[in-house]
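Starting from the given sequences, assemble the full structure and let the hints guide the process.
Here is what each chain is made of, one letter per residue.
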Amino acid sequence: MENAEAFVAFYEQTHRRVHAAVTATLGDSQLAGEAVDEAFVRAAERWRDVRAMQRPGGWVYRVAVNWATSWRRKWLMRRPTVPIEQLDRGQVDVEVDLDLIGQLQQLPVQQRKVLILRHGFGLSVRDTAETLGIAEGTVKSAAHRASQQIRARLEATDGR
Amino acid sequence: MDVDERIRELVEHHPAPPAGDGRVLYERGRRRLRTRRLAAAGVSVVVVAVVATAGLQLLPTDEVPTPVIAGLPELDQQPARSAACAQLAADTAEVVVEVAEHAVARAGGIPGDVFAVEHDDVWELAAQLADGDPQLQTAVGDIADDQQQQACEPGFAYPEVSQHARDEVERHRAAIADDPDMQTYATANVLVVLAGEFAPPTVRQPVPEGIPVTFPVHPDAQLVSHAEHEGQATATWQLAGADIEEIANLYHEWLNEPLAGGWNVVASDGMTTHDPDGTTTGRARLEISGYGTTGQLNIDTMEPPDIIEITIQLTAQ
Numbered sequence: 000m001e002n003a004e005a006f007v008a009f010y011e012q013t014h015r016r017v018h019a020a021v022t023a024t025l026g027d028s029q030l031a032g033e034a035v036d037e038a039f040v041r042a043a044e045r046w047r048d049v050r051a052m053q054r055p056g057g058w059v060y061r062v063a064v065n066w067a068t069s070w071r072r073k074w075l076m077r078r079p080t081v082p083i084e085q086l087d088r089g090q091v092d093v094e095v096d097l098d099l100i101g102q103l104q105q106l107p108v109q110q111r112k113v114l115i116l117r118h119g120f121g122l123s124v125r126d127t128a129e130t131l132g133i134a135e136g137t138v139k140s141a142a143h144r145a146s147q148q149i150r151a152r153l154e155a156t157d158g159r
Numbered sequence: 000m001d002v003d004e005r006i007r008e009l010v011e012h013h014p015a016p017p018a019g020d021g022r023v024l025y026e027r028g029r030r031r032l033r034t035r036r037l038a039a040a041g042v043s044v045v046v047v048a049v050v051a052t053a054g055l056q057l058l059p060t061d062e063v064p065t066p067v068i069a070g071l072p073e074l075d076q077q078p079a080r081s082a083a084c085a086q087l088a089a090d091t092a093e094v095v096v097e098v099a100e101h102a103v104a105r106a107g108g109i110p111g112d113v114f115a116v117e118h119d120d121v122w123e124l125a126a127q128l129a130d131g132d133p134q135l136q137t138a139v140g141d142i143a144d145d146q147q148q149q150a151c152e153p154g155f156a157y158p159e160v161s162q163h164a165r166d167e168v169e170r171h172r173a174a175i176a177d178d179p180d181m182q183t184y185a186t187a188n189v190l191v192v193l194a195g196e197f198a199p200p201t202v203r204q205p206v207p208e209g210i211p212v213t214f215p216v217h218p219d220a221q222l223v224s225h226a227e228h229e230g231q232a233t234a235t236w237q238l239a240g241a242d243i244e245e246i247a248n249l250y251h252e253w254l255n256e257p258l259a260g261g262w263n264v265v266a267s268d269g270m271t272t273h274d275p276d277g278t279t280t281g282r283a284r285l286e287i288s289g290y291g292t293t294g295q296l297n298i299d300t301m302e303p304p305d306i307i308e309i310t311i312q313l314t315a316q
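Protein chains in written order, with numbering that gives the first Met the number 0: chain A, 0 to 159; chain C, 0 to 316.
Quick caveat, the hints were computed from the structure, so don't treat them as lab data. The structure presented is a predicted model; accordingly, all values stated were derived computationally and were not measured. All C-beta atoms in this analysis are idealised placements derived from N, C-alpha and C, irrespective of residue type, glycine included. One thing to keep in mind: the hints can contain errors.
Just so you have them, the derived chain C footprint on chain A, three or more residues with Cβ under 8 Å [to be verified]: (1) 14-26; (2) 53-61; (3) 117-126; (4) 136-150.
From the derived model, a few chain C residues whose C-beta atoms are all more than 10 Å from chain A [to be verified]: (5) Val-223; (6) Val-265; (7) Arg-284.
What follows is the structure in structure tokens.
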């Protein structure tokens, strides 16, 4: 039972943040919900290993985004996604930075993941690289390039 | 505010998602793990995904391997659909598991071989059973997905469909009652994935009389003798061109099921000798129990030593 209790505690501590990060990455709140559930189930399957990780929340985030990306490739033609604008504007009473989410969607998935882990989760370059299984140099260049692109696009949008 | 700061704010202050249940997800993960181990051990698996919007299908009992995994419709988390789907599941789950247990018992297994898993897990199981064949996996998943969509579409006319489902369930119960020998087994509009078609090539062969159908027989082994008398059964197979240690390891893996009442290796010993010419000779012995039996499995090298003899002696408990 100790494992179950530890897993539930981990879930309660990290679920909200992982869900927010995956939603921002995918731009689809409903798909994010399914992806995060799936990722937590996979974490339960490998709980002994996941529990021992330095950043288990980052691992769940990565699995959720990968699952959703794969799911989209398979099912894009069959199920319309629910854009976050529709979901969030109608259902929640909280200001959501939809412009930013929209701009994030213009980036390659890898760049989105780097930005979210670096700034959403506050991971260092090294931790981000380890979580995503890529080189530190790749993290630095991806983060720099992605930030510049978004900044330029947001400024252009604001200037209109 | 800079981009970096806006991303931090976005994650920190995003609206809270619907409250989930970590324990439910944990249990689902553990069930998947158990199923994966079963499949890895070469256990025949039937995946049954239930949707109650259409009629019954009848399958001959002899097509039913064990264990049966009954997939119940997922309790859809979307509020608009949840009541209908939850009720649908409740209406059909009981009878499907009941039927599956009959089928398992008839096939020589024990009722505990029947598990209920969530509909979503059908995808996961399909992936395992398809053994890396993406076309097959997609075909299986498509059927599962279509069935779920059919049952849980928005606007799903629950009262009418529910009544139909209830009628089918009642008809099904009557079929069982009228057919005590269970010549057929019925499921409430199921998707059935027969392990014989989809499982990896290590799936067992049929077993002789008196041996539980779940006993694994190497696909290349030839039955050379068999006897059954008063609750005791013996069978011997020979296998050419094999290595005794490899075969012993396979059986050790196959007979370690993470299943209550399933195969279990109680003790093992053996002695093998590696000859300079590269051949291995010797014997391995496994004390085993499972499926209401106890016994001993002996694996011996013959002459020439690449012929392996596998003998099982089982006594009903």
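Status of the hints after comparison with the structure:
1. 14-26: The restraint on the segment 14-26 of chain A holds, since 8 of its residues have a Cβ under 8 Å from chain C and three suffice.
2. 53-61: Not satisfied, violated; 0 residues make the cut.
3. 117-126: holds (count 5)
4. 136-150: It holds, with 3 qualifying residues against the three required.
5. Val-223: The claim holds: Val-223 (chain C) sits with its nearest Cβ about 41 Å from chain A, beyond 10 Å.
6. Val-265: At about 26 Å from chain A, Val-265 (chain C) clears the 10 Å cut-off, so the statement holds.
7. Arg-284: holds (32 Å)
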